Amino acid sequence: MPNDNWFRRNTKFGAAPAKSSNETVPDGLAVKCGGCGEIVFNKEFEKNLKVCPKCGHHHRMSVDERIETIFDEGTFVEINVAIRSRDFLNFPEYQDKLNKGWAKFGNSDSFRIGRGDIQGQKCVAGLSEFGFMGGSMGSVAGEKITQALEAGAAEQLPVVLFTTSGGARMQEGLVSLMQMAKTSAAAAKLAQARMPLIIVLTDPTTAGVMASYASLGDVLLAEPGALVAFTGQRVAAQAAQGQKLPANYQSAEWRLERGQIDDVVARKDLPIVLGRLLALLHNPDTDRPARKSATRAASKAKASTNGNDAAHALAVQD
Amino acid sequence: MQKSLTVLDFERSLAELDKNIAAYETAGTGRGEDYSTVIDDLKSTRQRLLTEIFMNLTPWDEVLLARKRERPYSLDYIKLVFEDFVELHGDRLFSDDQSIVCGPARIAGRNVMVVGQQKGRDLKERQLRNFGYPRPDAYRKALRMMKMAEKLRLPVITFVDCPGADTNVGSEERGISDAIARNLMEMSVLGTPIITIIIGEGGSGGALGVAVADRVLIMEHAIYSVIAPEGCAAILDTFGRDPARADEASAALRVTSKHAREFGLVDEILPEPLGGAHADVEAAAETLRSAIVENLAKLSEMPLDHLLEQRYAKYRGMGFYDIIEEVVTGTEPIK
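Residue numbers (the working numbering), protein chains in the order written: chain A, 8 to 325; chain B, 10 to 344.
The set of hints was computed from the structure by calculation and includes no laboratory data. Please note that the accuracy of each hint is not assured.
[To be verified] Each computed EDC-like pair below joins lysine to aspartate or glutamate, with the alpha-carbon atoms no more than 16 Å apart: (1) Lys61(A) x Glu45(A); (2) Lys28(B) x Glu61(B); (3) Lys307(B) x Asp331(B); (4) Lys104(A) x Asp246(B); (5) Lys251(A) x Glu182(B); (6) Lys129(A) x Glu85(A).
[As the list claims (entries may be wrong)] If you want the footprint, here are the derived chain B segments under chain A, 3+ residues with CB under 8 Å: (7) 15 to 28; (8) 37 to 43; (9) 107 to 119; (10) 193 to 202; (11) 207 to 217; (12) 261 to 270.
All of these numbers come straight from a predicted model, not from anything done at the bench. Every residue gets a Cβ at the ideal spot worked out from N, C-alpha and C, and that includes glycine.
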């Protein structure tokens with residue numbers, strides 16, 4: 008269920024910078040806020056974590072920027088960087104899009120995983136890269152998300168996933184739809200191992216990603232103003248057939264009001280909130296030891312990661 | 010079924026022939042003349058034509074065929090396949106969404122739980138079934154029934170036939186993403202055998218929400234797609250963002266049953282009568298029935314932990330990607 012969310016939106020929450028975060032930060036002295044249209048000096052913009060100091064609009068971040076702002080310095084170690092998408096359907100233009108993505112992001116595709124500390128709390132983490140084909144989930148993203156969840160289960164570590172994605176990657180056809188089932192099954196493995204899953208929904212998270220692992224966190228947090236939707240705004244407008252959509256429709260705040268997410272957290276507060284949650288939901292020193300069934304589930308998860316050994320062996324620890 | 014048959018483009022020449030055959034038959038009865046040679050001739054031409062047409066269906070033809078109004082829907086099959094079926098209603102939370110029908114049933118003397126996505130034929134029924142687009146309440150009703158099945162040790166049989174999940178405000182308000190995601194997760198660990206049959210339109214997450222199973226079967230002329238071809242064409246620059254280019258998108262997306270099998274995403278294709286399941290609903294239902302019985306027998310022999318391990322491994326292995334130079338494939342390699 009991919010969606011049209013990588014297109015520019017022009018709503019109160021939208022007017023999204025679109026496509027790549029680089030576009031929001033041109034090589035210059037200043038940048039125009041996608042929220043209020045005000046001019047903000049680059050230095051101030053970066054210092055403020057790409058949040059407009061005037062209106063609070065949260066602009067999109069790349070994975071590198073995200074890692075820098077979330078994890079304790081130097082603790083994030085990426086795993087399994089060596090897997091790469093393949094145009095197995097010969098889908099028109101897919102190979103070009105991959106080539107462009109690789110030129111910009113290396114082999115990382117739309118998802119990166121690793122281990123790191125947030126405020127001293129160890130976790131397995133995954134982050135989606137919106138700049139790489141709208142963060143769409145194909146075989147590589149599905150595999151990496153699954154590996155992160157399995158690693159959490161096997162190593163008895165909480166998992167934190169940062170999402171931003173238009174949905175499933177159409178260019179991989181039905182195989183990408185199946186990534187929804189694959190990642191959701193892996194989320195069940197983590198649950199059986201009794202480890203917490205925390206999802207941080209960032210703008211935008213929609214369609215096949217929202218209707219699978221991104222909805223399966225024990226805790227769902229969202230950044231202010233993030234579009235969190237099953238149906239992207241353009242399709243939603245069509246579906247409404249001219250009827251007016253509710254104010255702030257599908258925004259993080261709208262979700263919070265309806266009891267669908269746990270909280271909306273400003274970017275600057277995320278590390279602290281995540282650190283506290285991780286400490287409260289998982290304390291290896293005082294938690295009751297996992298019951299037999301949980302350990303068994305964990306070892307099973309480890310055993311069933313077919314192809315994973317190779318992946319681990321290839322993991323680049325940089 | 011419908012009085013006026015829908016005639017798809019590739020069926021037009023057949024419809025023409027049918028009209029001629031009918032005309033000769035009427036004329037023969039009316040005037041007491043014997044046109045049987047002509048009629049037999051026309052009928053054999055028709056058969057030849059039909060075979061030829063069905064050997065050369067394009068992916069887009071298959072899309073239209075899968076959506077054809079005359080095609081048997083879940084309830085049509087349920088009536089023919091099961092010895093008994095009692096429909097149970099509602100998600101106990103908000104409503105009874107009738108785009109999915111559920112209830113216990115019996116097949117070959119064995120009790121099962123049935124979950125079927127249901128479209129409507131006439132306007133009234135189409136409205137009743139929300140045009141086949143399930144809302145969150147439908148997925149939650151399905152999950153309630155599947156949990157009941159797990160508790161009572163009933164295998165679950167699901168029928169998939171939906172263009173996609175509902176995209177309206179009400180569905181977003183009640184958490185359509187959550188409803189589908191939860192089903193995916195719960196079905197991946199549900200402690201009872203699950204068999205899914207894609208009978209018509211396997212539309213995106215709306216279909217997958219009741220289609221995580223130990224065995225996924227697909228009817229020959231059903232389709233299974235990550236997105237409706239129209240949606241794909243409308244979104245991608247590749248197709249000029251033009252929904253009218255859905256036929257191209259359907260070819261690129263590889264939506265046919267053959268493709269789904271080729272990529273190892275479904276386990277078995279169930280052959281349909283020549284001309285499609287609607288040409289002989291009873292024969293199609295019999296194929297379906299024996300496939301369910303056969304698969305049930307196999308799955309029931311398996312210890313539960315083994316079944317669940319196998320289910321996990323199946324979905325775990327789906328995906329095609331390269332590891333540096335080495336190619337890793339979930340299933341068999343593809344050309």
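Hints, verified against the model:
no.	hint	in the structure
1	Lys61(A) x Glu45(A)	holds, 8 Å
2	Lys28(B) x Glu61(B)	violated, 19 Å
3	Lys307(B) x Asp331(B)	violated, 34 Å
4	Lys104(A) x Asp246(B)	holds, 12 Å
5	Lys251(A) x Glu182(B)	holds, 15 Å
6	Lys129(A) x Glu85(A)	holds, 14 Å
7	15 to 28	violated (count 0)
8	37 to 43	violated (count 0)
9	107 to 119	violated (count 0)
10	193 to 202	holds (count 5)
11	207 to 217	holds (count 4)
12	261 to 270	holds (count 6)
Comparing the model with each numbered hint stated earlier shows that hints 2, 3, 7, 8, 9 do not hold.
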